[in-house]
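Residue numbers (full-length UniProt numbering), protein chains in the order written: chain A, 1 to 425; chain B, 1 to 123.
A portion of the hints provided could be inaccurate.
[Stated by the list, open to error] Per the computed footprint, the stretches of chain B lying under chain A, defined by three or more beta-carbons under 8 Å from a beta-carbon of chain A, are:
(1) 3 to 16
(2) 32 to 40
(3) 51 to 63
[To be verified] If you only want the chain B side, here are some residues facing chain A, beta carbon under 10 Å, derived:
(4) Q66
(5) K97
(6) S101
(7) C107
[Said to hold, decoys possible] Estimated spans, in silico, between C-beta atoms of each pair:
(8) B/A15 - A/L416: 16 to 26 Å
(9) B/S101 - A/V126: 19 to 29 Å
(10) B/Q17 - A/V126: 34 to 44 Å
(11) B/S101 - A/G294: 50 to 60 Å
Derived by calculation from the structure, the hints in this document are not laboratory data.
A quick note: this is a predicted structure, and the numbers were derived from the prediction, not measured.
Just so you know, even glycine gets a beta-carbon here, dropped at the ideal spot from N, CA and C.
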Amino acid sequence: MSIGTKTDFPIFRRAGTPARPLVYLDSAATSQKPRSVIAAEQRWYERQNANINRGAYRLAEAATLSFEAVRQKVARFIKAPSAKNIVFTKGTTESINLVTAAWARQNLKPGDVILLTRMEHHSNIVPWQLLAKEKKLSLRFWPIDQRGALTDEQPDQLFRGVRLLAITHISNVLGTINPLEKIIKQAHRHGAAVLVDAAQSAPHLLLNVRRLKPDFLAFSGHKLLGPTGIGILYVDQKRYSEMRPYQSGGDMVVDVTQRHATFKPAPHRFEAGTQPLAQVAALGAAVDYLTELGMGRIRRYEQQLTRYAYRRLAALPAVTVYGPTGDHLGSARGRPKGSRNGDRGPLISFNVQGIHAHDLATWLDRSNVAIRAGHHCARPLHQRLGVAATARISFSVYNNRRDVDRFITALKQIILAWQRSTHIR
Amino acid sequence: MATLYPHPVMRHCRAPQNYGRLKHPGQTFRGRNYFCGDALEISVKFDRRQKITAIAWQGSGCALTQAAASIFSEMIKGKTLDQVRRMKSETLIKQLKIELSPVRRKCALLPLYTMKQEDPAAD
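Using the sequences provided together with the hints, build the complete structure.
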């Protein structure tokens with residue numbers, strides 16, 4: 001196990017050749033999985049599989065213990081006070097939908113305001129749009145500036161009437177890292193609850209919910225070197241009493257009569273039906289893998305890599321890079337005091353003049369370079385940027401400078417070929 | 001990396017035919033590629049026998065969509081709307097002379113599906 005290498009990730013041996021290795025630059029969409037994660041899922045089925053919270057035989061009891069041990073592990077991973085704060089879902093999207101249905105629908109009244117930001121992913125916009133229509137709530141969007149940072153607003157005005165702030169930690173398009181500690185304090189001072197979309201931050205930096213103090217925080221297993229089909233919702237203990245069951249059925253009840261049911265306490269109250277047991281086991285292995293590498297070390301490594309990629313990319317003619325500027329990239333100098341606006345997560349969105357992002361992705365793919373192109377599920381942000389689509393590269397622990405170099409070489413050839421093609425008639 | 005796309009695609013995306021807007025169109029069609037948000041607008045004029053006499057299209061999009069729209073606009077002149085809507089996807093794809101992945105196929109078929117007023121996902 002070592003940072004910046006691909007030996008632990010089997011896909012790189014299968015999907016590439018030594019001459020044309022897979023240059024995977026789409027980890028913000030989903031990360032690749034280390035062997036230990038894949039093995040954990042297989043081990044579950046081969047040695048541990050039994051349904052949890054019921055059977056009174058040893059296999060089932062061991063399964064329950066190992067399932068709950070992962071909940072504990074996840075709690076430690078984000079510095080949650082207790083495993084009770086951790087609800088398993090099937091992904092960030094379901095985590096947000098859970099808050100919408102179980103908390104917001106019960107606690108928000110007509111006229112209440114939900115504050116979102118202009119840089120949210122669709123998964124943190126659309127559930128609120130639907131709820132707003134249903135409950136006659138209003139949506140307010142926190143604008144962004146030219147550098148892709150949230151604008152400085154008068155807190156009293158910004159938070160007027162706001163009962164909930166739903167905000168991303170790291171923008172999946174701009175890479176902007178929002179200064180959450182300060183923002184959450186402000187929101188709480190104005191009586192608003194806060195939901196954090198941590199899908200892009202949980203895999204890349206040390207999350208500390210005891211310091212950030214969000215009411216809800218959502219992220220996915222599959223962007224975290226873990227399997228698909230498993231997500232996490234952290235809930236502040238005091239919000240549980242304000243929540244109603246979300247999905248209902250087996251496993252979340254204490255007793256059921258013909259007309260009535262009583263429910264288990266949280267978090268189990270919010271986990272109806274058989275959970276994705278093998279995926280939870282594999283999620284545990286993913287958390288172990290990241291913890292062993294060290295989140296602080298991962299952050300520093302990815303920051304350096306991103307800075308390198310930014311420098312090389314921004315140096316190309318005809319390339320426009322979106323989001324926080326390179327001068328501020330991870331360096332304390334030039335950063336506005338008390339703000340981390342210049343900071344950037346391990347991703348860069350860009351466009352090449354005259355070339356559509358989709359064509360770029362198709363042409364880069366010929367060199368086995370995998371990038372994302374499109375609106376990245378953030379149409380309102382792209383409307384703000386004034387472009388239909390952007391191309392995006394994003395990194396994880398297995399990427400290194402050679403990946404960046406191969407990407408830049410391929411990109412340069414494409415730009416050259418495109419410029420030459422102006423003479424085609 | 002000598003050629004990015006085959007010659008017909010490059011030629012049409014560099015010098016698109018019938019790009020723009022008609023002054024008094026008989027009918028206007030709008031389509032959108034959900035995958036990328038690219039949008040296309042095609043307007044046409046008909047003669048007395050309902051045959052297309054003039055066509056103009058505009059929109060932002062990738063080279064494939066632009067080239068396909070340009071080629072398509074040449075293909076449908078003189079046809080009725082019914083004839084256009086009965087056109088098979090392959091008839092347009094063949095003109096592009098390029099192998100397309102399922103996702104990029106939707107880029108190329110956007111003009112056709114815009115006039116069919118159907119979702120290219122149905123292709």
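For this session: With respect to the beta-carbon atoms only, verify the hint that B/S101 and A/V126 lie 19 to 29 Å apart.
Result: Holds, at about 27 Å.
Exercise. Do three or more residues from the region 3 to 16 of chain B put their C-beta atoms closer than 8 Å to C-beta atoms of chain A?
Worked result: Check passed, 8 qualifying residues.
Exercise. At a Cβ distance under 8 Å, does chain A reach at least three residues of the region 51 to 63 of chain B?
Worked result: With 4 residues close enough to chain A, the hint holds.
Exercise. Is the interface hint for B/S101 satisfied, with its Cβ closer than 10 Å to some Cβ of chain A?
Worked result: holds (8 Å)
Problem set entry | 8 Å C-beta criterion, at least three residues: is the region 32 to 40 of chain B covered by chain A | Check passed, 5 qualifying residues.
For this session: Check the following: the C-beta atoms of B/A15 and A/L416 are separated by a distance inside 16 to 26 Å.
Result: holds (20 Å)
Exercise. Do the numbers back the hint for B/K97, that is, is its least Cβ distance to chain A under 10 Å?
Worked result: violated (14 Å)
Problem set entry | Cut-off 10 Å, beta-carbon criterion: hint that B/C107 touches chain A | holds (6 Å)
Problem set entry | Satisfaction of the hinted span 34 to 44 Å by the C-beta atoms belonging to B/Q17 and A/V126 | For B/Q17 and A/V126 the Cβ distance comes to about 39 Å; the hint holds.
Exercise. Between B/S101 and A/G294, does the beta-carbon spacing fit 50 to 60 Å?
Worked result: violated (39 Å)
Exercise. Can we keep the B/Q66 interface hint, with Cβ of chain A closer than 10 Å?
Worked result: Interface hint status for B/Q66: holds (8 Å vs cutoff 10 Å).
Checked against the numbered hints above, the structure violates hints 5 and 11; every other hint is satisfied.
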